[in-house]
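Each chain, letter by letter, is given below.
2 protein chains.
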Amino acid sequence: MKKFENKRIAFLGPRGTFTEEALLSAVLVKEENLVPCSTVYDVIKAIEKNETENGIVPIENSIEGSVNATLDVLTFEANDLLIEREIIAPIRHRLIVKPGVKIKDVTSVISHPQATAQCRKYLAKNLSGVEVLAANSTADAVRRVAEKNGCVAAIGTTLAAKLYGLEVLEADIEDFQDNKTRFVLLGKEATKKTDRDKTSIVVFIYEDRPGSLLQILQEFAYRYINLTKIQSRPTKKGLGDYCFWIDMEGHIEDEAISSAIKCLKCKFRAVKTLGSYPMARK
Amino acid sequence: MKKFENKRIAFLGPRGTFTEEALLSAVLVKEENLVPCSTVYDVIKAIEKNETENGIVPIENSIEGSVNATLDVLTFEANDLLIEREIIAPIRHRLIVKPGVKIKDVTSVISHPQATAQCRKYLAKNLSGVEVLAANSTADAVRRVAEKNGCVAAIGTTLAAKLYGLEVLEADIEDFQDNKTRFVLLGKEATKKTDRDKTSIVVFIYEDRPGSLLQILQEFAYRYINLTKIQSRPTKKGLGDYCFWIDMEGHIEDEAISSAIKCLKCKFRAVKTLGSYPMARK
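So the protein lines, in turn, are chains U and W. Residue -2 is where the first sequence starts when you use my numbering, and the numbers rise one by one after that. Residue -2 is where the second sequence starts when you use my numbering, and the numbers rise one by one after that.
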């Protein structure tokens, strides 16, 4: 993707996260243009304040499901941002140690609790009984292994192992092998129609009106629009008060899609459009 | 709920978690009958192996949305378990310190990354620049404050503060005040019909058959069954391969519900029923 070659791109950091690894796998970008941010919220604010032209955040994992923090920030906090691309990347967890450390020497394992959970079976089999420590991100876990004395192992990316001069002791230690994450590249530019696009919207329904979801789905079914994702999210006002995040096949310039969105706007409290973008190959 | 007074109940531990706090707020249970488990998976296995009669796990938070780990364990790993009750409890985050420590002395904050994220605005305003450390649970964070030297603060429950002899320095530090979690109490006994019940099922669809969700919803709409939750979950075989978790109003002995489930079983790959239980008051 040459388009992003000279753009500054904010990403969910610190350096060495899966998000950075996914970005580098898909986009030509200069190292000096990479801007690590500590939360998804900071990524979108960096774009909104023009500190960067683009930003990348994880949105859905094949095992964990939607990344709620991202859906919520895009739903409730982002202004005039659009999804310009989607990137799907495999999530491969590595057991990372200081050079020379062997698995029998490892006394504790450190990672983000979600990564630890995804390697539960591996840890039970190969590192049973060792202490499991928590970190704020997998990259942070790797950094701490580099700084600590003793035989601590981190669960993280190959990229992070390289950044901190550490060694991958074991690759692909995740319980489910088909572990993939979908990331979205955000910006302010509408993306031109291609032959295979997706469009994302959020529909805010009126509270306590049963059958809303059925009504929404019927608007799409009537126009033969295929949905690739539908996710209810609480509006943070209380249990049972929802909005719906919807991804569909097609571009917002398609007659069927623009007409469906027009009808949804007439029927429901609000519709937020989050852009059309080329569909990633799985 | 007298029914559970003499039952052994497994819960998502360690001692002092929000899950334990919610259990004690709703159920009379003897302390010696409380069995802390380290994962949701361990809770259901404790019941299946008859180590306890019941177990309690979080299933949905008003801010974060569904607890994916729980939905997945109940969908893919639980055998013959039923939801016997639901319990809704407020989630109030407390800033917890050693007795006498003042906020200006606090040099680092420790909690589960999700709890830290829920107190983002408070931390930015009142503890800007202090180091944020990660723990495997809020209860674990509180335990570590009790063990550590220096002025570390944990984010956790009042119950945990009591258990470890610590002090609540500030209450209700969460960004969103209407932060509630719904917990489910699991067991092996079918629950009798009351005047206000809910029923939970999981529908496994055939892959790549568009319109499945619409078909499912129509079965319920046709019978005037009100759905209180619908959540797609990946089947862990790859992005785009889903099943649907559905909560509805009514008891499985109601003619409309048993008939809807019968029809869904004819049309789709499989339907797993997870029990009927009295609806919690919000």
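Do not rely on the hints blindly, as some may be mistaken.
Same chains, same label: a pair holds when it works inside one copy or across any pair of copies.
[To be verified] With a straight-line Cα cutoff of 25 Å, these simulated BS3-like cross-link-like pairs (lysine-lysine) come out: (1) Lys189 / Lys259; (2) Lys226 / Lys262; (3) Lys226 / Lys269; (4) Lys27 / Lys4; (5) Lys264 / Lys95; (6) Lys190 / Lys226; (7) Lys46 / Lys118; (8) Lys118 / Lys4; (9) Lys122 / Lys46; (10) Lys190 / Lys95.
These aren't lab readings, by the way, just hints derived from the structure by calculation. Predicted model only: the values in this text are computed from it and were never measured.
Evaluated hints:
1. Taking CA atoms no more than 25 Å apart as the test, Lys189 paired with Lys259 passes inside one copy only; the shortest distance there is 20 Å, against 46 Å between copies.
2. Proximity of Lys226 and Lys262 under a CA criterion of 25 Å is satisfied in both settings, with 19 Å inside one chain copy and 23 Å between copies.
3. Taking identical chains as interchangeable, the C-alpha atoms of Lys226 and Lys269 lie at most 25 Å apart whether they share a chain (16 Å) or sit on different chains (22 Å).
4. For a Cα distance limit of 25 Å, the shortest separation of Lys27 from Lys4 inside one copy, 8 Å, qualifies, whereas the shortest one across copies, 61 Å, does not.
5. Proximity of Lys264 to Lys95 under the C-alpha cut-off of 25 Å is found in neither arrangement, the shortest distances being 59 Å within a copy and 54 Å between copies.
6. For the homomeric pair Lys190 and Lys226, the shortest alpha-carbon distance inside one copy (20 Å) is at most 25 Å, but the shortest distance between copies (35 Å) is not.
7. Taking identical chains as interchangeable, the C-alpha atoms of Lys46 and Lys118 lie at most 25 Å apart only when they sit on different chains, with a minimum of 19 Å there against 44 Å within one chain.
8. In this homomeric assembly, Lys118 and Lys4 never come within 25 Å of each other (Cα to Cα): the closest approach is 41 Å inside a single copy and 30 Å across copies.
9. Within a single copy, Lys122 and Lys46 get their C-alpha atoms only as close as 48 Å, which misses the 25 Å cut-off; across copies the closest is 21 Å, which meets it.
10. When the C-alpha separation of Lys190 and Lys95 is checked against a cutoff of 25 Å, the pair qualifies neither within a copy, at 48 Å, nor between copies, at 59 Å.
Going down the numbered hints, you'll see the structure goes against 5, 8, 10, while the others check out.
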